[in-house]
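For the record, the sequence lines run as chains A and B.
Numbered by this note's numbering, the letters in the first sequence go through residues 1 to 296 in order.
Numbered by this note's numbering, the letters in the second sequence go through residues 297 to 677 in order.
None of these hints come from the bench; they were simulated from the model.
Quick reminder that beta carbons are idealized off the backbone N, C-alpha and C, glycines included.
Take these hints with a grain of salt, some might be off.
Distance windows between CB atoms, simulated [what the hints assert, rightly or not]:
(1) Gly471/B to Arg92/A: 19 to 29 Å
(2) Gly202/A to Ser492/B: 52 to 62 Å
(3) Ala668/B to Glu117/A: 58 to 68 Å
(4) Leu41/A to Lys535/B: 32 to 42 Å
(5) Arg72/A to Gly328/B: 42 to 52 Å
(6) Val167/A to Arg461/B: 27 to 37 Å
(7) Gly112/A to Ser492/B: 19 to 29 Å
Covered stretches of chain B (in silico footprint by chain A; criterion: 3 or more residues with CB under 8 Å from a CB of chain A, positions within the stretch not fixed) [to be verified]:
(8) 464-471
(9) 601-613
Partial selection, computed: residues in chain A whose CB lies under 8 Å from chain B [to be verified]:
(10) Ile37
(11) Leu157
(12) Met238
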Amino acid sequence: MTEEANTTTPESVGDLREQLIGVDYLADRGLATATLIALRLGRPLLLEGEVGVGKTELAKCLALLTGRELIRLQCYEGIDTHQALYEWDYARQMLHVRALAEHELTDANTIGGLYSEEFLLERPLLRALRAGSRSVLLIDEIDRADDEFEAFLLELLSDFQITIPEVGTVAAEGRPIVILTSNRTRELHDALKRRCLYHWIGYPTVDEETDIVKLRSPGVTDALTSKVVNAVHRLRDMDLVKPPGIAETLDWVQALGAIGALEFEGETVVDTLGSVVKDRDDLELVSSDISRLVDG
Amino acid sequence: MVDLDAEPTDIAIVDRLVEFGTALRDAGLTVGIDDVLTFCAGVAELTPSDPEDVYWSGRATLVNRREHIPIYDEVFRRFFLHVPDGAANKKPKDVKVPQGSTGTINIPDSEPGEQESKEPPLVLGLEASSLEIERTKRFSACSDEELASVRRMIARIRLEPPKRRTRRSNPDPSGATLDIRRMARQAMNLNDSAPSLLQMDRKRKPRPLVLLLDVSGSMADHSRNLLQFAYSMRRAAQKVEVFCFGTRLTRITPLLDRRSPDAAMRLAAEKVVDWDGGTRIGESVETFVRRWGRRGLSRGATVLICSDGLDRGDPAKLADAMEKLERLSHRIVWMNPLHDVHVGAPPTLAMAVAGPHIDEVASGNDLGSLEAFAARLPQIG
Chain A
1 MTEEANTTTP
11 ESVGDLREQL
21 IGVDYLADRG
31 LATATLIALR
41 LGRPLLLEGE
51 VGVGKTELAK
61 CLALLTGREL
71 IRLQCYEGID
81 THQALYEWDY
91 ARQMLHVRAL
101 AEHELTDANT
111 IGGLYSEEFL
121 LERPLLRALR
131 AGSRSVLLID
141 EIDRADDEFE
151 AFLLELLSDF
161 QITIPEVGTV
171 AAEGRPIVIL
181 TSNRTRELHD
191 ALKRRCLYHW
201 IGYPTVDEET
211 DIVKLRSPGV
221 TDALTSKVVN
231 AVHRLRDMDL
241 VKPPGIAETL
251 DWVQALGAIG
261 ALEFEGETVV
271 DTLGSVVKDR
281 DDLELVSSDI
291 SRLVDG
Chain B
297 MVDLDAEPTD
307 IAIVDRLVEF
317 GTALRDAGLT
327 VGIDDVLTFC
337 AGVAELTPSD
347 PEDVYWSGRA
357 TLVNRREHIP
367 IYDEVFRRFF
377 LHVPDGAANK
387 KPKDVKVPQG
397 STGTINIPDS
407 EPGEQESKEP
417 PLVLGLEASS
427 LEIERTKRFS
437 ACSDEELASV
447 RRMIARIRLE
457 PPKRRTRRSN
467 PDPSGATLDI
477 RRMARQAMNL
487 NDSAPSLLQM
497 DRKRKPRPLV
507 LLLDVSGSMA
517 DHSRNLLQFA
527 YSMRRAAQKV
537 EVFCFGTRLT
547 RITPLLDRRS
557 PDAAMRLAAE
567 KVVDWDGGTR
577 IGESVETFVR
587 RWGRRGLSRG
597 ATVLICSDGL
607 DRGDPAKLAD
617 AMEKLERLSH
627 RIVWMNPLHD
637 VHVGAPPTLA
647 MAVAGPHIDE
657 VASGNDLGSL
667 EAFAARLPQI
677 G
């Protein structure tokens with residue numbers, strides 16, 4: 001993140017796409033439009049799509065593009081407000097009380113001091129609120145969190161402020177850019193969806209994906225790139241348990257690069273298949289028909 | 297937000313956008329007034345004369361689930377691109393015909409209803425929907441009294457799913473870890489006296505339950521009761537998912553959320569199209585694993601499969617699917633109505649193949665066995 005990073009809001013959809021290409025992210029028209037509206041209206045953007053199509057990556061690139069700090073909250077089952085928002089540092093508070101007691105300094109003032117900034121452990125959401133418009137808040141895989149947490153987020157995303165009983169209300173000065181991602185392991189509540197703009201990221205076309213690979217791995221020859229991309233598209237048609245995303249395409253290209261492969265053929269393909277097919281059953285299915293993958 | 301002092305042309309555009317929102321609402325999307333406001337504000341930021349800008353801003357603001365995208369596209373095409381209605385009307389008709397109803401599993405109902413006698417022999421295609429009514433007949437035909445008596449009996453069964461330990465803790469004098477937080481709080485209150493040791497232990501939460509109910513022809517005597525059982529479970533426990541299968545798998549969880557069990561069961565009967573047909577357990581379990589299990593629905597869950605194991609599908613596929621399911625779930629229980637407490641389950645191929653992956657086999661052919669199972673449930677897992 002540099003100081004000179006571009007902080008002006010892009011003028012148009014085309015503008016935003018250009019700027020995103022500048023940070024190596026190729027967004028199609030739909031995604032760019034949704035992002036631009038989200039930026040302009042200060043609304044959270046909910047991204048859904050298959051695994052590895054660049055949902056999380058968009059947040060990272062937006063942070064890079066706008067020169068804001070990326071604050072990431074990874075959701076998981078059982079996440080609660082302590083892990084997401086703030087927590088009191090109990091152990092330190094206790095030690096502090098002991099120290100005060102030893103010197104007989106415990107009065108209303110010093111006790112009140114126990115609930116001050118010093119003992120407040122900042123977690124991602126509080127940090128994003130405080131950073132306000134200087135941050136990009138990425139709430140990753142929201143579908144993994146429980147319903148209760150979703151309800152809590154709902155409150156936060158509508159007002160961008162929270163109240164800590166001992167300290168008072170913390171409100172965001174400016175709105176952070178908020179990106180939520182979901183892999184659709186469960187349906188999100190409509191109320192949460194209504195707070196957000198929604199975009200479904202599908203798999204890119206062959207041409208788009210070729211452009212993405214070229215952007216991300218410029219050292220690779222055009223011939224190899226096009227062969228890999230075509231092979232990945234064939235894989236996606238193969239009814240796999242876990243079809244490869246763009247992330248896997250990039251991994252594959254890099255894996256081929258790492259072993260210095262110049263040609264996309266039988267043995268090198270089999271050897272590097274692990275970077276793109278990551279399920280045993282799938283691997284068996286693909287290995288049995290490797291020629292189809294290479295020749296089409 | 298929308299500028300109220302806008303030029304007349306702008307107002308015309310806004311009118312058009314609002315109308316579009318209404319059209320979407322008519323097509324079945326939930327479009328709120330605030331959504332339309334956001335839509336207008338979004339378009340205002342872009343070029344309203346560019347259909348592509350309008351299309352994408354509408355998709356970002358008015359659609360909030362993937363399934364609605366085709367409907368949105370349809371309405372957009374009709375509304376802004378003036379595709380004639382005839383072409384547009386075609387789509388809903390296609391949608392109504394269920395994918396699985398090819399007519400090959402049209403097993404005649406044992407008690408012919410009025411519907412059948414009035415209608416001429418079924419022709420595939422246009423009349424596919426009446427075929428569907430025939431299939432759901434058996435279930436919808438059962439009298440309210442029958443339903444009520446079964447419901448009364450099954451509703452009495454107390455259900456308690458097995459529990460798992462959660463991340464969070466509760467105070468517990470016999471707990472294994474020290475509750476530093478409470479100790480700290482107490483230490484502050486007591487000022488200088490030594491704090492006592494306070495323990496805590498992990499909370500326990502019910503495990504999710506996943507029910508896969510066989511509703512094929514051979515299960516006809518039981519499927520109604522099993523569905524009732526599923527309904528009671530759904531109401532008793534928090535995380536319960538219910539699926540029906542015959543030749544294909546249908547998720548009926550949302551339909552069971554009705555207050556009235558009769559309505560819930562009627563809805564389920566309508567949704568499940570392969571009622572009283574053949575059985576392909578392997579394919580159905582495979583579908584479950586792929587579409588739901590993989591995504592974590594059965595993770596840590598007790599999976600209950602209710603089927604007699606009379607399978608017409610490929611046993612190798614069942615073995616494969618069961619192996620995957622075993623890895624994705626906590627425990628698998630197979631409830632087999634043909635299972636006899638004294639003799640055991642009849643040696644069907646499906647049971648033999650699935651056997652190694654099953655943790656427990658239960659019966660379920662009468663109320664007594666359902667009750668016995670309910671009593672056993674908390675100890676599984």
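Hint by hint, here is what the structure shows:
no.: 1; hint: Gly471/B to Arg92/A: 19 to 29 Å; result: holds (23 Å)
no.: 2; hint: Gly202/A to Ser492/B: 52 to 62 Å; result: holds (59 Å)
no.: 3; hint: Ala668/B to Glu117/A: 58 to 68 Å; result: holds (59 Å)
no.: 4; hint: Leu41/A to Lys535/B: 32 to 42 Å; result: holds (36 Å)
no.: 5; hint: Arg72/A to Gly328/B: 42 to 52 Å; result: violated (30 Å)
no.: 6; hint: Val167/A to Arg461/B: 27 to 37 Å; result: holds (33 Å)
no.: 7; hint: Gly112/A to Ser492/B: 19 to 29 Å; result: holds (25 Å)
no.: 8; hint: 464-471; result: violated (count 1)
no.: 9; hint: 601-613; result: violated (count 0)
no.: 10; hint: Ile37; result: holds (4 Å)
no.: 11; hint: Leu157; result: violated (14 Å)
no.: 12; hint: Met238; result: violated (14 Å)
Violation of the numbered hints given earlier is confined to hints 5, 8, 9, 11 and 12; the remaining hints are satisfied by the structure.
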